[in-house]
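J.: Going down the list, the sequences are from chains U and C.
So the first sequence is numbered by our numbering: it starts at 1 and just counts up by one.
So the second sequence is numbered by our numbering: it starts at 1 and just counts up by one.
Hints were generated in silico from the structure; no laboratory data involved.
It is possible that part of the hints are untrue.
Per the computed footprint, the stretches of chain C lying under chain U, defined by three or more beta-carbons under 8 Å from a beta-carbon of chain U, are [said to hold, decoys possible]:
#1 18 to 28
#2 144 to 153
#3 207 to 219
Computed beta-carbon distance windows for the label pairs [unchecked claim]:
#4 Ala146(C) x Lys230(U): 26 to 32 Å
#5 Asp183(U) x Arg167(C): 23 to 29 Å
#6 Ala9(C) x Glu206(U): 46 to 52 Å
#7 Ala39(C) x Val318(U): 37 to 43 Å
#8 Asp85(C) x Asp25(U): 54 to 60 Å
#9 Ser245(C) x Gly97(U): 32 to 38 Å
Using N, Cα and C, we set each Cβ at its ideal position, and we do this for glycine too.
There are 2 protein chains.
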Amino acid sequence: MKKLINDTADVVSEALVGIGAAHADLLRVDLDKKTIMRADGPIQGKVALISGGGSGHEPMHGGYVGMGMLDAACAGEVFTSPTPDQMEAATKAVDGGAGVLHIVKNYTGDVMNFEMGAELCQAEGIAVEAVVINDDVAVQDSLYTAGRRGVGTTVLAEKLCGAAAERGDDLQAVANLCRKVNDQGRSMGMALTSCTVPAAGKPTFELGPNEMEIGIGIHGEPGRERMELKSAREIVAMMSEAILSDLPFESGDQVIALVNGMGGTPLIELYLIYNELNQICQARGITIARQLVGNYITSLEMAGFSITLLRADEEMLVLWDAPVHTPALRWGV
Amino acid sequence: MKKLINDTADVVSEALVGIGAAHADLLRVDLDKKTIMRADGPIQGKVALISGGGSGHEPMHGGYVGMGMLDAACAGEVFTSPTPDQMEAATKAVDGGAGVLHIVKNYTGDVMNFEMGAELCQAEGIAVEAVVINDDVAVQDSLYTAGRRGVGTTVLAEKLCGAAAERGDDLQAVANLCRKVNDQGRSMGMALTSCTVPAAGKPTFELGPNEMEIGIGIHGEPGRERMELKSAREIVAMMSEAILSDLPFESGDQVIALVNGMGGTPLIELYLIYNELNQICQARGITIARQLVGNYITSLEMAGFSITLLRADEEMLVLWDAPVHTPALRWGV
């Protein structure tokens, strides 16, 4: 295992210190609770948004904390859920009196621990709503999950709901928007290589020199099919078909598209993939109205990518364009 | 070779189409000349900035085209210099009457071809200045270079000089600033793995399962030393020492720091590295006044990182903070 780390036990803590130091103008880091918070929070009267999950998916979620997006992100160990006391502490720390929305990716540990954290806070009178994101069309159940996994739509939900909270929407409205985003978002991923969890010390899985895995999860969980490597054109066609036929997306739809690198894929390949996706959407009468191309929800150093499409109404585009100021997404400010 | 591409001959063109489609609001792409330009250019009366070089280092340089940074970027094939006619066409296309600055990384082919492009334009009466960036402290001469290579300081020079041009500085002033940035910037890189150039089809070099290469170039050119993998703390200490003692940086200095991933290094490791660098700077009385942590000048999917430090005066910090709107760097707008 070749990693740029010190002790495997300190990876998450030391990275959190680095994030805090690099973005001291935006963030404060509670090292004890492994939680990243807005430096200017809690914001009185604003619905607060929290997400979190295992580390190793950076910039998600800590990179999305800041004005117009999350109020806090709870970090677990690499690919390990954060604990209920982290979510409890974060919820209390960010609540500005208007309630707190938990945006939870659908992994069994995350869902359970967020639920327990929410109950502890609700018992003390804090209004908490939770929305579980389950946008991955690849498989129904998987190694870490009952039902569909939560992947790229999470990033889009955090942006859109963060903007809604920032303009003053109430907890029910922000939670309903989050459910709508989840309902209208679909994703699928693939991998060329495995990643290696530092504490495990060896690759999560093995792929042959000419193999790829289609439909893989963000922890290297098995996908739909292991097959011989194909051209980018064929791969994007396969994945787009699975995504587009699932909602289904239709001619006339406008979408927000995320072409996401898994951590070890060069940006030049991601733009080549975006070109393929854009052509497919055009041919079907679907307009990509907004897009992100880059590393937004990663699996350590895995080579591969995922596509997320969100059917977006005008309201969502307004929220997308609203100012955001986080380490990983920034515009309008 | 596992790559997310179609035909190796089409990688650069197809990626350029993808970049143009994803950022149609900011950029226009001349596919014939493989050049990315500001959509709103040429800007009359503004000094124009051009850079360029081999592809495979994305987001450099195409990702830095836009308001407050570059006016055009010429793309060569992967790790291959663009040709003089590309620089000539780009220079003519962006000139708004105030002259054009060429920001050139010190690689023999780039320097030669930019020079020829400049001469062709000067013969037609366009004022062209060129500044060669040579900030890599690792080795004096290398596979592609006489003298020191141009690496991370290029990104910082493009930002700072772009801001100076945007506020109306004249060609001499912008060129002098670029020389000053180059004089005060130092970089060094390392790799855990090789990258694979698509057209070559096999890794540029081999590293053993417990080896790293210190001082490597952005094309995988050999560095200072191949040695057994060490801890992040030891690696950053070694690289920082080489950088800090070279200028030398001194107690009381404030710097702009770039902790740059080579393309295959997870962001969690880059933040851990930033923490080590920040501690070393603090211990020496050097203040990191601004920073970037992420993939800014890459070597395809190489695992590894580089550190760039630029001794910055107040003027440079003002230029750093000025608005910028490009695919890869955006703030203030």
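J.: Taking the earlier hints as the rules, which of them does this structure contradict?
T.: Numbers 2, 4, 5, 6, 7, 8 and 9, in rising order.
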